[in-house]
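A.B. asks: Please model the entire structure based on the sequences and the hints provided.
Number of protein chains: 2
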Amino acid sequence: MKISYRHLMVRVKDLDVSLAFYKRLGLIERHRTESEAGRYTNVFLCPPDQADGHADLELTYNWDGDDALPNDSRHFGHIAYRVEDIYALCQELMDAGITINRPPRDGHMAFVRSPDNISIELLQMGESKPPQEPWASMGNTGHW
Amino acid sequence: MKISYRHLMVRVKDLDVSLAFYKRLGLIERHRTESEAGRYTNVFLCPPDQADGHADLELTYNWDGDDALPNDSRHFGHIAYRVEDIYALCQELMDAGITINRPPRDGHMAFVRSPDNISIELLQMGESKPPQEPWASMGNTGHW
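These protein sequence lines map, in sequence, to chains A and B. To convert, note that position 76 of the first sequence is 81 in my numbering; the numbers rise steadily by one, no gaps. To convert, note that position 109 of the second sequence is 114 in my numbering; the numbers rise steadily by one, no gaps.
Each hint should be verified, as a subset may be incorrect.
Repeated chains share a single entry, so a pair holds when one copy, or any two copies, can fit it.
Claimed, not checked - As a list, the in silico PhoX-like pairs of lysine-lysine whose alpha-carbon atoms are at most 25 angstroms apart: (1) K7 <-> K28; (2) K18 <-> K28; (3) K7 <-> K134; (4) K18 <-> K134.
If you are wondering where the hints come from, they were derived from the structure by calculation, not from laboratory data.
C.D. replies: See below:
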């Protein structure tokens, strides 16, 4: 029985706000479907080098709103991405007003949250970077 | 800024029960780490043909339990997999006592839930199968 990984779907409360967030991470919009009948928009995002559909993040936006969003839960963990420069990306995110819940003190790993509280893990590609301020002495904020 | 998809992590209440579930879907255990200090076990599962780490599902099992599991939420959607024979797999799952929340009436798509209520989408590889009983007339159960 063959099985292959396809995508991860998350629901979003505000499509524009969420698109801005995920594009800031470096994802691109690969595909979009809109359904008048179902009153929803699905946007498929992916890393630019993985645009063959095997690594998609699907955003589901319900036109009539979703009052249950954003929320938090325990059974969903996080989405993980390797990134080229974890310090540069975290600085960009912080400059955009996004909380770095777990700063990359070790030059290797950070956590942030999407506008809908989806926990996103960022991992430095290759070797960890040497510890560097302001990250090295920055404490955690909230949980992830 | 390069970014590449890495894995999806979900927390599980009972590691054995969850491993049995995901292995029944066709995933294999690729890697496992146990931490005495952190009192957790992480098991990385993947489709057999995607064992290079780019399509991992990471199960996090906390040795001291996680009373918040299983739960349900809105912001996390589902994990999607393409499968070789959606009818055969759904029959296997049903025989094992697993509810087919959304039966593959169209020969294309089904939804089930993991023991921790993670919603799993199953998609038929290639062309949809012709509608077939018992699926064609089977109603939905719950939501997904």
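A.B. asks: Are the CA atoms of K7 and K28 at most 25 angstroms apart within a copy, between copies, both, or neither?
C.D. replies: between (32 angstroms within a copy, 12 angstroms between copies)
A.B. asks: Pop the pair K18 and K28 into one bin, within, between, both or neither, using alpha-carbon distances up to 25 angstroms.
C.D. replies: Within. Shortest intra-copy distance 16 angstroms satisfies the 25 angstroms Cα cut-off; inter-copy 33 angstroms does not.
A.B. asks: If the cut is 25 angstroms between Cα atoms, do K18 and K134 qualify within a copy, between copies, both or neither?
C.D. replies: Classified as neither; 35 angstroms inside a copy, 35 angstroms across copies.
A.B. asks: Regarding K7 and K134, is the shortest C-alpha distance of 25 angstroms or less found within a copy, between copies, in both, or in neither?
C.D. replies: between (39 angstroms within a copy, 16 angstroms between copies)
The structure fails hint 4 only (numbered hints given earlier).
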